[in-house]
Amino acid sequence: MALSNRSKSFHAVTVAAGLSVLTVGAGGLPTSAFAQSPALAAGPSSIAGPASVADLAEGLLDAVVNISTSQNVKEEDKGPTPQVPEGSPFQDFFDEFFNGEGGEGGPRTVNSLGSGFVIDPSGFIATNNHVIEGADDIEVNFANGTKLKAKLVGTDTKTDLALLKVEPKTPLKAVPFGDSRGMRIGDWVMAIGNPFGLGGSVTVGIISARGRNINAGPYDNFIQTDAAINRGNSGGPLFNMKGEVIGINTAIISPSGGSIGIGFSVPTELAENVFTQLKEFGETRRGWLGVRIQPVTDDIAESIGMPEAKGALVAGIIEGGPVDNGVIRTGDVIVRFDGKDVEEMRDLPRVVAESPVGKAVDVVVVRDGKEQTVKVTLGRLEDGEKLAEASTEADKQGTTDNKQEANRPAATPVLGMTLAPLDEVARKNGGISEGVQGVLITAVEPNSAASERGIEVGDVIVEIGQEAVTSPDEVKSRIAKLKSEDRRNALLMIANKSGALRFVTVRME
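Numbering of the sequence shown is given in the numbering used here, commencing with residue 18 and proceeding in unit increments.
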């Protein structure tokens, strides 16, 4: 299920205080993230829960806090302030709403509410990044009525987590992290938070699912729960029945902003390390492999001789990255990383990011149809992002020109593509990078197998079946060989004119 921040079909929803909401439009599809709309919570579950969680909740309420923030916003395009008759009973309302100045374009204060919890008696408090994002002032309200100003220690936008620090006069009640990996679907959980600004509120439910990908970030691995989570619950803890935090409540799916029993929490297996790094460094320091990857489809698995579709296919190596030395190659399929199986593409970024910078790890790859183990020393993601961004910009510039130049060499048709040698004239006319080697595609037949896979004029065939090709005749020969082996698909490595690589499978039937 794809969740998007934008929709052409439904009204957009904007950020408000204290809860990430994935709204659902009339057609039943989520349309936007990070928004709030007040609504009544769903009715109580008909499933009988534990006999009582009173004793458990009593020992945890003091560690859960309400977070209020304020932000000064300058409205440069604000229209004229409405005028009311002198002495009107509504004068105070208008003065307050328009900041009491009666001027135009002046600043106004936006307030928001969220939740958090104490993870260290010295005053460290965990919450969501979107709860405090852009705040000028952050205040933490405790269950006993104490209010303390908070300082932002650090944030991690990739997991939507943030760490705050207050200065208490005495040690605070803190709650421990539990192991979210040990939680099973159907286990009872308890959420405590600040729904609709009501203060410490307790809800109980079960874990509905694990490993949810809601397209909120690169490391999505959410716990799904039916414990009621509403506006203002964001940043609050999700407890197991031992009183350990196993998740941070972050988002819901809802047509109105209120709970319908589908809430999502960042698991502590991901969050605990983030908070540890924010506390120690004020920032995250994630491992980085320096590869571009794509999913292994059934067709690709068949083409490279894998018995099943799993792992992450290496579609490119980032120049200057940790594996730019050739230890991992384009076309490798990573199936295991540091002792952890990589079942699908999205597993790899998460397990790499959770690994320490500079750690030497064993990586199992499928190469030429056989598994091999290679040793890789990880770089730091934050240091490598500039390299990746620069490379991505080059990819964006690699758009193809659908016009065929005159005086091309004799063309060869195959699989719905017309091919020609990539000589210096063709390279210059097409603006193809010097580093790209292969066979030039000069035309693509509409509705052909190649067209279905997004192959375009100006692309270059670099490899077929993981073997390099340099001429149209070699392409025809490789296709003929694959057909003689009763292969249904040909695995092509395609480069755009800037050199960005991708793998596609093309039907040969």
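Note that these hints are calculated values from the structure, not bench results. Since the structure is predicted, the reported quantities are computational estimates derived from the model, not experimental observations. Quick reminder that beta carbons are idealized off the backbone N, C-alpha and C, glycines included. Incorrect hints may have been included.
Pair by pair, the computed Cβ-Cβ distance ranges are [unchecked claim]: (1) Ser-465 / Pro-193: 43 to 49 Å; (2) Pro-272 / Glu-297: 26 to 32 Å; (3) Ser-488 / Thr-174: 30 to 36 Å; (4) Ala-460 / Asn-342: 37 to 43 Å; (5) Glu-75 / Arg-198: 39 to 45 Å; (6) Met-362 / Ala-68: 39 to 45 Å; (7) Arg-397 / Pro-272: 39 to 45 Å; (8) Ala-71 / Pro-235: 50 to 56 Å; (9) Asp-204 / Glu-300: 30 to 36 Å; (10) Arg-198 / Asp-153: 37 to 43 Å; (11) Gly-337 / Asn-464: 40 to 46 Å; (12) Ala-68 / Arg-198: 55 to 61 Å; (13) Pro-67 / Pro-312: 37 to 43 Å; (14) Lys-166 / Glu-75: 48 to 54 Å.
Mimicking SDA-like on lysine to any residue, the simulated pairs with C-alpha atoms at most 20 Å apart in a straight line are [claimed, not checked]: (15) Lys-376 / Val-344; (16) Lys-296 / Arg-309; (17) Lys-376 / Phe-298; (18) Lys-514 / Gly-448; (19) Lys-182 / Asp-137; (20) Lys-376 / Asn-342; (21) Lys-357 / Glu-325; (22) Lys-175 / Gly-299; (23) Lys-259 / Gly-299; (24) Lys-259 / Val-170; (25) Lys-357 / Glu-336; (26) Lys-514 / Lys-500; (27) Lys-514 / Arg-470; (28) Lys-376 / Lys-387; (29) Lys-387 / Ala-326; (30) Lys-182 / Leu-78; (31) Lys-327 / Asp-316; (32) Lys-514 / Asn-238; (33) Lys-296 / Glu-286; (34) Lys-327 / Ile-270; (35) Lys-500 / Gly-516; (36) Lys-296 / Val-170; (37) Lys-259 / Asp-316; (38) Lys-168 / Asp-72; (39) Lys-296 / Gly-171; (40) Lys-327 / Asp-379.
Here is how each hint holds up against the structure:
Look at Ser-465 against Pro-193: about 60 Å separates their beta carbons, and that is not inside 43 to 49 Å. Here the CB-CB span from Pro-272 to Glu-297 is close to 41 Å, at odds with the stated 26 to 32 Å. Evaluation of the 30 to 36 Å hint for Ser-488 and Thr-174 yields a failure: the beta carbon distance comes to about 48 Å. For Ala-460 paired with Asn-342, a C-beta distance near 38 Å keeps the hint of 37 to 43 Å intact.
Distance hint check: the CB atoms of Glu-75 and Arg-198 are about 28 Å apart, inconsistent with the given range 39 to 45 Å. Between Met-362 and Ala-68 the C-beta distance comes to about 44 Å, which sits within the given range of 39 to 45 Å. Separation of Arg-397 from Pro-272 is about 42 Å and conforms to the stated range, judged on CB atoms against 39 to 45 Å. In this structure the supplied range 50 to 56 Å is violated for Ala-71 paired with Pro-235, their Cβ-Cβ distance being about 40 Å.
The hinted range of 30 to 36 Å is satisfied by Asp-204 and Glu-300, whose Cβ atoms lie roughly 33 Å apart. Taking the beta carbon of each, Arg-198 and Asp-153 are about 38 Å apart, inside 37 to 43 Å as hinted. Taking 40 to 46 Å as the suggested C-beta distance range, the pair Gly-337 and Asn-464 conforms, at roughly 41 Å. A beta carbon spacing of about 27 Å between Ala-68 and Arg-198 contradicts the range 55 to 61 Å that was offered as a hint.
With their beta carbons about 41 Å apart, Pro-67 and Pro-312 fall inside the hinted range of 37 to 43 Å. In this structure the supplied range 48 to 54 Å is violated for Lys-166 paired with Glu-75, their Cβ-Cβ distance being about 28 Å. Between Lys-376 and Val-344 the CA atoms are separated by roughly 15 Å; this keeps the pair inside 20 Å, and the hint holds. For a cut-off of 20 Å, the pair hint linking Lys-296 to Arg-309 is broken: about 30 Å separates their Cα positions.
With a C-alpha separation of about 18 Å, the suggested pairing of Lys-376 with Phe-298 holds against the 20 Å cut-off. For the proposed pair Lys-514 and Gly-448, the alpha carbon gap of about 7 Å is at most 20 Å, so the pair holds. Under the criterion of a C-alpha separation no larger than 20 Å, the hint pairing Lys-182 with Asp-137 is consistent with the structure, at around 10 Å. Distance hint between Lys-376 and Asn-342 is fulfilled; the C-alpha atoms sit about 17 Å from each other, no more than 20 Å.
This hinted pair checks out: Lys-357 and Glu-325 have alpha carbons roughly 18 Å apart, not beyond 20 Å. Pair hint Lys-175 plus Gly-299 holds up; C-alpha atoms about 15 Å apart against a cutoff of 20 Å. Our distance criterion of 20 Å between C-alpha atoms is broken by Lys-259 and Gly-299, whose separation comes to about 30 Å. Restraint check for Lys-259 and Val-170: the C-alpha separation of about 29 Å exceeds 20 Å, so the hint is violated.
Between Lys-357 and Glu-336 the CA atoms are separated by roughly 26 Å; this puts the pair beyond 20 Å, and the hint is violated. For a cut-off of 20 Å, the pair hint linking Lys-514 to Lys-500 is broken: about 29 Å separates their Cα positions. Pair hint Lys-514 plus Arg-470 holds up; C-alpha atoms about 17 Å apart against a cutoff of 20 Å. Our distance criterion of 20 Å between C-alpha atoms is broken by Lys-376 and Lys-387, whose separation comes to about 25 Å.
At most 20 Å may separate the alpha-carbon atoms for a hinted pair to count; Lys-387 and Ala-326 meet this at roughly 14 Å. With a C-alpha separation of about 19 Å, the suggested pairing of Lys-182 with Leu-78 holds against the 20 Å cut-off. For the proposed pair Lys-327 and Asp-316, the alpha carbon gap of about 12 Å is at most 20 Å, so the pair holds. With a C-alpha separation of about 35 Å, the suggested pair Lys-514 and Asn-238 falls outside the 20 Å cut-off, and the hint is violated.
Distance hint between Lys-296 and Glu-286 is fulfilled; the C-alpha atoms sit about 17 Å from each other, no more than 20 Å. For the hint linking Lys-327 to Ile-270, the alpha-carbon distance of about 29 Å lies beyond 20 Å, and the restraint is violated. A threshold of 20 Å between alpha carbons decides the hint, and for Lys-500 with Gly-516 the separation of about 28 Å lies outside it, so the pair is violated. Straight-line distance between C-alpha atoms of Lys-296 and Val-170 comes to about 7 Å, which keeps the hinted pair within the 20 Å bound.
Taking the CA atoms of Lys-259 and Asp-316, the gap is near 46 Å; set against the 20 Å cutoff, the hint is violated. Under the criterion of a C-alpha separation no larger than 20 Å, the hint pairing Lys-168 with Asp-72 is inconsistent with the structure, at around 32 Å. A threshold of 20 Å between alpha carbons decides the hint, and for Lys-296 with Gly-171 the separation of about 8 Å falls inside it, so the pair holds. Taking the CA atoms of Lys-327 and Asp-379, the gap is about 18 Å. The hint holds against a cut of 20 Å.
When held up to the earlier numbered hints, the structure conflicts with 1, 2, 3, 5, 8, 12, 14, 16, 23, 24, 25, 26, 28, 32, 34, 35, 37, 38 and fits the remainder.
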